[in-house]
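Sequence order for the protein chains is A and B.
Heads up: the first sequence runs through residues 1 to 238, numbered per our numbering.
Heads up: the second sequence runs through residues 1 to 301, numbered per our numbering.
For the record, the hints were derived by calculation from the structure and aren't laboratory data.
Warning: the hint list may mix true and false statements.
To be verified - Keeping only pairs whose Cα atoms sit at most 35 Å apart, straight-line, the calculated DSBU-like set for lysine-lysine is: (1) 137(B) - 67(B); (2) 178(B) - 299(B); (3) 137(B) - 133(A); (4) 11(A) - 299(B); (5) 154(B) - 133(A); (6) 185(A) - 11(A); (7) 185(A) - 178(B); (8) 133(A) - 292(B); (9) 299(B) - 67(B); (10) 185(A) - 133(A); (11) 154(B) - 137(B); (12) 154(B) - 67(B); (13) 178(B) - 292(B).
Said to hold, decoys possible - Reference listing, derived: stretches of chain B covered by chain A, where coverage requires no fewer than 3 residues with Cβ under 8 Å from a Cβ of chain A: (14) 172 to 182; (15) 189 to 198.
Computed from a predicted structure; not experimentally measured.
Where is the CB? At the ideal position from N, CA and C, for every residue including glycine.
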Amino acid sequence: MLEPRPEEMLKITGLHAFYEESHILHGIDLTVGAGELVTLLGRNGAGRTTTLKSIMGLVGRRSGSITINGIETIAMPTHRIARLGIGYCPEERGIFSNLTVEENLLLPLVVREGGMSLAELYEMFPNLQERRKSMGTRLSGGEQQMLAMARILRTGGKLLLLDEITEGLAPVIVQAMGRLIGQLKERGFTIVLVEQNFHFAADLADRHYVIESGVIADMIPRDELASSTDKLNQYLGV
Amino acid sequence: MELSFHTVMSQVMLGLNNGVFYAILSLGLAVIFGLLNIVNFVHGALYMLGAYVALLGYTMLGPLLGKPDFHLNYWAALVVAPLVVGLLGIGIERTMLRRLRKFDHLYGLLLTFGLALIIQGVFTNYFNVSGDAYDAKPEVLEGAVNLGFMLFPKYRLWVIVISLVVCFSTWFVIERTKLGSYLRAGTENPELVKAFGINVPLMITLTYGYGAALAAFAGVLAAPIYSVSPVMGSEMIITVFAVVVIGGMGSIMGAIITGLLLGMVEGFTKVVYAPASSTVIFLIMVLVLLIKPTGLFGKES
Ligand SMILES: Nc1ncnc2c1ncn2[C@@H]1O[C@H](COP(=O)(O)OP(=O)(O)O)[C@@H](O)[C@H]1O
Ligand SMILES: [Mg+2]
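So here's chain A without its partners, still in its complex pose (with noise of 0.2 Å):
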């Protein structure tokens, strides 16, 4: 029997993006479908960053189209795209300067209900509750990571965007990072994962998109993950 498709959380298809005059994006076509965990490999400044900004409406210019949950985007401001329930963690992190880890915590609009309360929040990450009254950038790399992290889970968006949030990080924090992943995935979010390589997430991706130089080159589902690991090592130039 053939499995019921997934429904469609994120579609994008022939997605241009620009910044100023480059021209970046060339017509991007993915989907994610609810509940599923994808990621976007691809080498440095092959374009995955300005995916996820695009899908945000962050890029200068962006044409084609992006839907969420059925719903056109390409013509929405950042904020309302934001409202239709997807969480963001920039590749910088993002963690304001000015503000404590708790107003951190509490910045992103609550959109609807189901999203994890701050007890929640305080429990699955002990160390933000001991650091709340803390400025946000007095934290160190991977309490920094975990408060972008955990932020985005407030707000009962079911749509992750989550971009290299391993990087530079401590063995044992990419590791409590795969668990959280892990967890998240469990409770039904549906997860868009910028990676460097396919290493990290592995075991919990169902499938691999590969981008290169602003098309995606290719699509690896998890089943040929094993059997594409050349093509793969290939592509990211490992």
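Since the structure of chain A is provided, determine the placement of chain B with the ligands on it from the hints.
Leaving out everything else, chain B with the ligands in the frame of chain A:
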């Protein structure tokens, strides 16, 4: 020269009275600069407009409405002028500043400078440059109070108190409330704040409106003390810009404290060496620029 405690204190109190105007105005500039990255050169003109709303509301509004007995009183002016000028600010932001956001911040500065010249020019054309007296000071604020060490005009004391209340409330809202956390975050990384679902463009518009309203509020407070004239804003704003340079653009509390202190320094200088009192702030500005170019409270960037 003998420096009696009384002479010094009375000049320092009068200086504080000037200082609260510097504080409110530089606070507004700091809030606007924080979120819009624009040096709001039209601030002085908005201050002047606030005073004129009070003056014209008192003298001309009644006749204009066909009710010669109607006068907008002082208390009403304290509410109406900030509202009117705040709305004007919102209009300026929506129709003009917003379009400049994607260009260099210099254009915002040039635009507001041009607006200041236009507003001042129009008012110079219709009103007396040497100023008109505002006669609607409320009776309860006439006379003087005994502060123990001196008799101080009641009205000036009121101005000091209410200005401090407004300044520190603004500080409180920005630094200690949820709404303020949006503003602080927007100052730091507006794009990400948008990505968290917050309507940043609206926040920017309202912030500019609030800054304009603050300037108008100061204008109404000033009306019974100084004469209301088309150039009152441009005279005031030169000193306020010096205050802002000394304090550094970055900090709300910095703007308030610097404004108050410099007012008092000015007052004190009046006792010690009166001819220097009008230049002492600029002297301090030069010194600060030489020693700490980002200003006393400014952050290195
Ligand atoms: N703000 C920007 N302005 C102009 N070009 C940019 C900007 N950000 C990224 N780029 C360019 O876009 C391309 C894709 O970058 P990015 O999406 O960050 O790649 P990745 O995240 O895959 O490393 C790169 O060539 C980069 O130099
Ligand atoms: Mg990137």
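To see whether the hints hold, each was checked on the structure:
In summary, the hint linking residue 137(B) to residue 67(B) is supported, as the alpha carbons are separated by about 21 Å, within the 35 Å threshold. Pair hint residue 178(B) plus residue 299(B) holds up; C-alpha atoms about 23 Å apart against a cutoff of 35 Å. Restraint check for residue 137(B) and residue 133(A): not satisfied, since their Cα atoms lie roughly 46 Å apart, outside the 35 Å limit. Distance hint between residue 11(A) and residue 299(B) is unfulfilled; the C-alpha atoms sit about 43 Å from each other, more than 35 Å.
Only pairs whose Cα atoms come within 35 Å are accepted, and residue 154(B) paired with residue 133(A) is rejected, the gap being roughly 42 Å. Taken as a hint, the residue 185(A) and residue 11(A) pair is honoured in the structure, with Cα atoms around 19 Å apart against an allowance of 35 Å. With a C-alpha separation of about 30 Å, the suggested pairing of residue 185(A) with residue 178(B) holds against the 35 Å cut-off. For the suggested pair residue 133(A) and residue 292(B), the alpha carbons sit about 30 Å apart, so the restraint of at most 35 Å is met.
Distance check on the hinted pair: residue 299(B) and residue 67(B) sit about 54 Å apart at the alpha-carbon level, beyond 35 Å; violated. This hinted pair checks out: residue 185(A) and residue 133(A) have alpha carbons roughly 30 Å apart, not beyond 35 Å. Using a Cα cut-off of 35 Å, the hinted pair residue 154(B) and residue 137(B) holds, with the two alpha carbons roughly 11 Å apart. Restraint check for residue 154(B) and residue 67(B): the C-alpha separation of about 32 Å stays at or below 35 Å, so the hint holds.
Pair hint residue 178(B) plus residue 292(B) holds up; C-alpha atoms about 32 Å apart against a cutoff of 35 Å. For the region 172 to 182 of chain B, the assignment as covered by chain A holds, since 3 residues bring a beta-carbon within under 8 Å of that chain's beta-carbons and 3 suffice. Figure legend: the region 189 to 198 of chain B, annotated as covered by chain A; annotation consistent (9 residues with Cβ-Cβ distances under 8 Å, at least 3 required).
When each numbered hint is compared with the structure, violations occur for hints 3, 4, 5, 9.
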